[in-house]
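Below, each chain spelled out in residue letters.
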Amino acid sequence: MKRFLGFVKKEFIHIFRDYLTMIILFGIPAILVLLFGFVISMELKNIRVGVLDLSRDEVTQKITDKICSSGFFERGKDLAGYHELGATLRGGKTKAILIFGEDFSQRLLSEGTAAISIITDGSEPNVATQTTNFITAIIGDYNRELAQTDMPGTLLVSPEVRMFYNPTLKSQFMFVPGVITMIMILICALMTSITLTREKEFGTMEALLASPLKPAQIIIGKVVPYFFLSLIDAILILLLSWLVFGLAVKGSILLLLAELMLYILMSLSLGILVSSIAKTMQQAIFVTLVGGMLPTVLLSGFIVPIESMPEIYQWISAILPPRYFIVILKNIMIKGTGLAFVWKETLILVSFTAFFIVISLRSFKTRLQ
Amino acid sequence: MRTIFILLRKEFLQLFRDRFIGRAIFAIPIVQMLILVPAITYEIRNIRICVVDLDQSVDSRNLINQLDGTSFFEIRHTSFSEMQANRLMLEGKTDLTLQIPEDFGKDIGNGNPAKLMVSVNAINASNAQLAWGYFSGVIREYNNSLIAGNTEILRFQSIPRIEVTNRYWYNETMNYKFYMLPGVLGILVAAIGFVLAGLNMVKEKESGTIEQINVTPVKKYQFIAAKMIPYLLVGLVDLALGISIGMLAFNMPFEGNPLLLFLSSFIFLIGALGLALFISTITRTQQQFMFAGFFFLIIFMLMSGIFTPFDSMPEWAREINRLNPVSYIMRINRMVMLKGATFGDIRNDILSLTILSVMFTLFAIRKYRKTA
Amino acid sequence: MGTEKENIITVRNLVKKFGSFIANDNLSFEVKKGEIFGFLGANGAGKTTAVRILCGLSAPTSGEVKVAGFDIYGETEKIKRNIGYMSQKFSLYEDLTVSENIRLFGGIYGISSREIREKQEILLNRLGMNALRNKLIAGLPLGWKQKLAFSIAIFHQPRIVFLDEPTGGVDPIARRQFWEMIYEASSEGITVFVTTHYMDEAEYCDRISIMSDGKIMALDTPAELKRIYTARSVEEVFVKIARPDKN
Chain E
1 MKRFLGFVKK EFIHIFRDYL TMIILFGIPA ILVLLFGFVI SMELKNIRVG VLDLSRDEVT
61 QKITDKICSS GFFERGKDLA GYHELGATLR GGKTKAILIF GEDFSQRLLS EGTAAISIIT
121 DGSEPNVATQ TTNFITAIIG DYNRELAQTD MPGTLLVSPE VRMFYNPTLK SQFMFVPGVI
181 TMIMILICAL MTSITLTREK EFGTMEALLA SPLKPAQIII GKVVPYFFLS LIDAILILLL
241 SWLVFGLAVK GSILLLLAEL MLYILMSLSL GILVSSIAKT MQQAIFVTLV GGMLPTVLLS
301 GFIVPIESMP EIYQWISAIL PPRYFIVILK NIMIKGTGLA FVWKETLILV SFTAFFIVIS
361 LRSFKTRLQ
Chain P
1 MRTIFILLRK EFLQLFRDRF IGRAIFAIPI VQMLILVPAI TYEIRNIRIC VVDLDQSVDS
61 RNLINQLDGT SFFEIRHTSF SEMQANRLML EGKTDLTLQI PEDFGKDIGN GNPAKLMVSV
121 NAINASNAQL AWGYFSGVIR EYNNSLIAGN TEILRFQSIP RIEVTNRYWY NETMNYKFYM
181 LPGVLGILVA AIGFVLAGLN MVKEKESGTI EQINVTPVKK YQFIAAKMIP YLLVGLVDLA
241 LGISIGMLAF NMPFEGNPLL LFLSSFIFLI GALGLALFIS TITRTQQQFM FAGFFFLIIF
301 MLMSGIFTPF DSMPEWAREI NRLNPVSYIM RINRMVMLKG ATFGDIRNDI LSLTILSVMF
361 TLFAIRKYRK TA
Chain X
1 MGTEKENIIT VRNLVKKFGS FIANDNLSFE VKKGEIFGFL GANGAGKTTA VRILCGLSAP
61 TSGEVKVAGF DIYGETEKIK RNIGYMSQKF SLYEDLTVSE NIRLFGGIYG ISSREIREKQ
121 EILLNRLGMN ALRNKLIAGL PLGWKQKLAF SIAIFHQPRI VFLDEPTGGV DPIARRQFWE
181 MIYEASSEGI TVFVTTHYMD EAEYCDRISI MSDGKIMALD TPAELKRIYT ARSVEEVFVK
241 IARPDKN
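Protein chains in written order, with the numbering used here: chain E, 1 to 369; chain P, 1 to 372; chain X, 1 to 247.
Next comes chain E alone, as it looks inside the complex (with noise of 0.2 Å):
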């Protein structure tokens, strides 16, 4: 026992000494937090609308103000025809064109109706289809003032909306356990995957096999030092999203912990089964980094909602184990909800975890003999 928690150190003096990785390790997360929280956002804004009047009365202005004053567009080019609209919107900058026809407010008033074309940019579809629908809407309030105008009194159904978890529509509550789930399964799999590869592809892992340490000694004690220092990451991460953005744990802090263990237990597992696979660190590098990076960001539920994807989709990610932790993470997090709610996602990471070991188990006992 003292022989093995003289490698444990060793192996955290290891990591400790090397102050690039250290300074990657803590800022990695930071800024991945500090991006989510100021910079990237799914939220409409200034979004440039071209404006092609043909009319240029007073409801036109009326309405043209009314859209760009609504914090989500900015006022862009105007244009003289409709020769130009090609080349405006082939340009990117202009996102949006509103089309007048001739005679608005004249053919609004005589003939009781007058029509707007909006032509956007369907290249970025998410940004098509919410400024389509945010013009929409924009004038579907006008029409109901020129209503309300002519015919004062009117009954409405008015809708009264409570946002449930998030009531400021912070972004970020939907980011940060994503974040965490990210970088906590890029630190425990991938480092303790190339540690363990690099022993093997080195030859030093004979070193180590010849010592007294047990086989299964060498790698807790390789993997030990990962699993604290990751646990340090999501701590950090929690602080930081805490103080940046007041986003509070409200459920019981224990039991995000202890998830919080099982899942770095789970990704330390995954790692040690790539090691067994990969002969190669640049193998173990290129599987995890390139050919799981994309899939895991997108297919777990951390920017697409997996409720969004084609069924089949569904059962894809129903493979990868951060999605169950995202859940977990939201549900104790954001909803403050106990382990009554996420009772069937730990025990998922559980069977996951014990999956994993035991296969890599057998893989390196084959290897040993």
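Hint data in this document are derived by calculation from the structure and do not stem from the laboratory. No false leads were mixed into what you were given.
Some chain E residues flagged as far from chain P (calculated, every beta-carbon gap over 12 Å):
(1) Arg56
(2) Ile218
(3) Met261
Derived lysine-lysine pairs resembling DSSO-like cross-links, with alpha carbons at most 30 Å apart:
(4) Lys89(X) with Lys9(E)
(5) Lys279(E) with Lys89(X)
(6) Lys17(X) with Lys367(P)
(7) Lys135(X) with Lys279(E)
(8) Lys33(X) with Lys226(X)
(9) Lys66(X) with Lys219(P)
Looking from chain X toward chain P, a few residues come up when the C-beta cut is under 7 Å (computed):
(10) Cys55
(11) Leu57
(12) Glu77
(13) Lys80
(14) Arg81
(15) Tyr85
(16) Ser87
(17) Lys89
(18) Ser91
(19) Asp95
(20) Leu104
(21) Gly107
(22) Ile108
Every value quoted in this text rests on a predicted model; they were computed, and no experiment measured them. Think of the CB as a built atom: it goes at the ideal place given N, C-alpha and C, for glycine as much as any other residue.
Since chain E is already given, all that's left is putting chains P and X on it; use the hints.
Quick look at chains P and X alone, frame taken from chain E:
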């Protein structure tokens, strides 16, 4: 020149000698394109609703039917208890709760303003807003139908009304695949070369072979060129594969000039590889490189505007993006493939990208020292 | 000895510091053309640092160094054309075959493909490695790897070859064979600069210098050193120099 060929032969031999990597560099992009591109959509369908209809009147039922009739909403649960509805949302089974108070129908009948209570699961703030937006749209329609019903006597025609028509250019059907493919392709093409070239360089350091090269008269630029060219070619082949997949499997349109796309990707790849080699010259182990590489990759990717609207970023972030090669290629790819942009349209982007690529490569050559 | 031969390496007051640590403390020595110069010292004495400076892999903190007639400041690329190098960290490409490694390094020095082919045949025959030409380096035993690495280091017939702990980790028979190759190279007129911590190998050198804590403590022929220190072997000389307090 002969020296570069000799070094290139070595790099190619090594690249394809590892059979796994030799295959993975082509297989991974194909598989990821096929799997990932269709997965990404921000469209929200099937917003799951729980209705708590305490009114049970004709009007409330009309409203519910109207909701159910849209493609966005799906009424999953009905309940008579607010508590139960909240519980369903807590369990993650519903996205939105609509509560219709007892006097809803009576109020409408009496011409009083009627209220509705709506609760939205807002953990995903943007989805919540979208859901709320769709919901408000339905209510607007419902209001309009009420007004129409009540004002027949008052001659509805006299109320002026603006109609809205809309069209989506370049992507009429709002196909998200067309949006994601150019972006995912840009990232994949860059990531493969970035990771492999960088690792390759650090590996030479770790195993000491770089010393053996450093005592020879090989010039710095020759060595760097030999490290870049193989991955440059791999990247371009992957690009061609990706575009073919897009066109064959997803019916991706290709409006612009393919040559223009390859030219920009070529410049972009030089930048990505230059950066990778630069990072590899300042790291000592593959592990360090991987971390530093991940750091840049994830920041470049997330800030590039591939997943989130570029314009929504704050001003300073958009300024930082001037140093982000991924954000240029993202824009260029989309513009060339979907909008048929010509050289003139993307001249500025190509220019900036070129400056950036030359800069990164010069950094790498400068920082790679044959003398420690 | 007779006529004094010209110096091919001249080192004057060479100092190399890493932060506050002084790896090479004011070294001065010459190496004559054609000789086998042994650079002795315990691990960490500063031998490798000095060799790396001579090869242009590392810049000195101060001092004058000339190798093959070129200055170490500013003319390293010219020096590199004239030297061969083999380091203790075995450094052929493990994932390339024997023949691919030969072609690579031969080509880098600008030897034509035909000449490389011809010389390769001779080389492989001499090493008895004909059957192994298409084997990966990774699969070869260490002794063979080292012989091959040495052959590749002198493949372009450099004026000087630097060997940094070339025989680390191999058995005495392989070391003997290795030294036979060194003699052969020397007889072809290549100056050999070799570092080692095996004292028996020092006996094979024309002249040796003994380093300790970054300084050169002694420099002469093995016979002369033994005479001065009244020792029976270089090993004894080394012990007396490295631990003067015990005598």
